[in-house]
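Enquirer: Please build the complete structure, drawing on both the sequences and the hints.
Protein chains: 2
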Amino acid sequence: MAEELLIRNVRPAGGAATDMLLRDGKIAAFGTAAASANAAVFDAAGRLMIPGLIEAHTHLDKSFWGMGWQRHTAGPALIDKIETERRNRRELGIDANRQSGRLVAQMVKMGTTHIRSHVDIDTETGIAGIEGVMAMRERLKGVIDVEIVAFGQSGLLIRPGTLELVDRAMALGAEVVGGLDPCAVDRDPKGHLDAIFGMAQKYGRPIDVHLHERGEMGAFSMDLILERVRALGMQGKVAISHAFCLGMPDVDHARRLIEELAKERIALVTTAPAASPAPSVMACLKAGVVIAGGSDGVRDSWNPYGMGDMLERATLVGLRNNFRRDEEMELALDVCTYQGAKMMGIADYGLDIGCDADLVILPGETLAEAIVERPADRTVVKRGRIVARHGELTAPIA
Amino acid sequence: MAEELLIRNVRPAGGAATDMLLRDGKIAAFGTAAASANAAVFDAAGRLMIPGLIEAHTHLDKSFWGMGWQRHTAGPALIDKIETERRNRRELGIDANRQSGRLVAQMVKMGTTHIRSHVDIDTETGIAGIEGVMAMRERLKGVIDVEIVAFGQSGLLIRPGTLELVDRAMALGAEVVGGLDPCAVDRDPKGHLDAIFGMAQKYGRPIDVHLHERGEMGAFSMDLILERVRALGMQGKVAISHAFCLGMPDVDHARRLIEELAKERIALVTTAPAASPAPSVMACLKAGVVIAGGSDGVRDSWNPYGMGDMLERATLVGLRNNFRRDEEMELALDVCTYQGAKMMGIADYGLDIGCDADLVILPGETLAEAIVERPADRTVVKRGRIVARHGELTAPIA
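Chains as they are written, first to last, in the numbering used here: chain A, 260 to 657; chain B, 260 to 657.
FYI, nobody ran anything at the bench for these hints, they're computed from the structure. The reader is advised that the hints may include incorrect statements.
As the list claims (entries may be wrong) - Restricting the straight-line Cα-Cα distance to at most 20 angstroms, the calculated cross-link-like pairs of lysine to any residue (SDA-like) are:
| id | chain 1 | residue 1 | chain 2 | residue 2 |
| --- | --- | --- | --- | --- |
| 1 | A | Lys601 | A | Ala272 |
| 2 | A | Lys545 | B | Arg633 |
| 3 | A | Lys368 | B | Arg633 |
| 4 | B | Lys340 | A | Met507 |
What the hints assert, rightly or not - So the derived label-pair ranges between C-beta atoms look like this:
| id | chain 1 | residue 1 | chain 2 | residue 2 | range |
| --- | --- | --- | --- | --- | --- |
| 5 | B | Leu544 | A | Ala635 | 30 to 38 angstroms |
| 6 | A | Cys614 | B | Asp447 | 52 to 60 angstroms |
| 7 | B | Glu262 | A | Gly327 | 32 to 40 angstroms |
From a predicted model like this one, the values you see are computed outputs, not experimental measurements. All residues carry an ideal CB built from backbone N, CA and C; glycine is no exception.
Expert: Here it is, written out as structure tokens:
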């Protein structure tokens, strides 16, 4: 018999209250058509509904979540953080399976239903992180969807042997090939990009490049990515995370790059950083560039902040982009929902009949209010089943 | 008999656990010396203690708090916001006494013990806002300290009659003379600044100037303020709020201005805006400039965001200034505590014997963790009395 859940008195996207029937993990009916004798019932009592939040850029494998407060000691440079992290991993014993599970538990409670996680690969720990996160997602099947990026955090070419490890990770089932600052880290942008595009071609998989490089250097790396997407016909298969260079002072240069990104269907992922230049969400959306949101690291040796909450991210996207009008604030939420789904190519996403029943039910008069208040009372539905009820997980995740 | 409260097992500033005796609104003793047979007892169960949070820049009189969600419709320019606000005030009926009380209730719950509030004065509503906020603070005596800035939000000179209203507000007991963008709003920087400095001299009161003006224009206005502080010997009596111009591209110019601010003991107040240039907290502290933190408007026609939470502000100060090391994050908290107290000239502030017992007790292993987690479980002590216990007010404020 079909598995059914009837959600009573809910306001999809903040609209009029209705009933909603979920059947076999899909949205099946609204209003009077939603009536069903066999369905379990959840009374939403007039709360809002949004589609499941999309965490489009995080690092599940190396969070300290649940390990007590770890003093943050890394210096300001990228390389300080990479070195500190490798030392922390040795000294603290960060188990990727355990730690990714702990952070995912928090993210599920906050309403995230899909995650793209970069997972570190290097010559010291090999692909232990990839194996750990894969074990976690096997454990948590049905509770969360996790997409894994095989990510050479310490560089691909400067640490010989890393590329072979990325190859093994892809063979094991990682979904995305990761890249990192082609100029700044590997000191060989052509070599780095040829390597990751070659890997992507070999496995028929998409690419996601961390691009922290700012200004003209970042723009140069972005140009090299654009060239390869054109040459290889990889439109719609490449994402650039951070893209700080698009916040460069030369706004005409940034605009030309954004137009090229739109043409080659390269998506962006932003954390909406307050302390870095960043792509303008409005400029990207107006140009037709998909721009998703991510937490980046949560409580790890890079970043002490974070609650694993993509509604908090929507607030930060709003603040960073000076979004104050309600319709602008809804765009900030869009970045953390629909835009993320587009970037990750998630089919059947949304609040329409036939969509996967991946949903968040939460108090709030309007979507804007939900973003500003970030209420703890969230009920989260994954494929038609309640995985968190009023802010508490329905089953332990550990 | 003395009124005593014994706080057991508390960790002041995240240090070692101790007992702490409060007597007649002051911190009286620590450790074994804190024992008292007559004291009421609060068991902090190992929680942290910080001094009361200082809200150094807000607008209590015009918040929509508790009025349901108000759609945000203002255009992007300063003048759009000023006009929208005046319309909202007419159409929504924003009572300053009621609304300031509602927002203060939230702020007290979040651990704020002192507020500097700018309060609008204009030729349409006169000094009704000032009277309303004064009535609120009379009602809430002992629960919160509120300092009032007589603030000509719509300009002083371009709306004749406003200056006379500011004069009446000062005569009624407003503590601070407010200024606003001397070039951009009144279009007469000399006239505007002469007016507010004259008013400050007349009443022997300090000044707090909203300075949104960016780049060279803001730097020019700041220069004119510096000249007047020097000429009138008003060192230590002037604060500049926002000071976006200090985030100007010409870093040498900004540095010279910061050095001059230090010399004339002009304090700054920042919201740590993610979408505007802003003063660097580290540069200011290193130069010896006091820099306090504020929420600015909370849920009003300028700003739809905000929980009235100065710990959230500490997070935003940290994110804006790229503070990731624990000692840097403690500086972000300093901005929302000790720096605010210095800016407002609050005597006897802190966690030492003899200080006013204005305190917040909250969970957290370290100060940095408290900033990142912003726990709802806060117990707030004002002058030795518990005004909020574990996140709930002990008496209704309305």
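Enquirer: Work down the list of hints and note, for each, if the structure agrees.
Expert: Checked hints:
no.	hint	result
1	A:Lys601 / A:Ala272	holds, 18 angstroms
2	A:Lys545 / B:Arg633	violated, 35 angstroms
3	A:Lys368 / B:Arg633	holds, 17 angstroms
4	B:Lys340 / A:Met507	violated, 28 angstroms
5	B:Leu544 / A:Ala635: 30 to 38 angstroms	holds, 34 angstroms
6	A:Cys614 / B:Asp447: 52 to 60 angstroms	holds, 59 angstroms
7	B:Glu262 / A:Gly327: 32 to 40 angstroms	holds, 38 angstroms
In this structure, the earlier hints numbered 2, 4 are contradicted, and the remaining ones agree with it.
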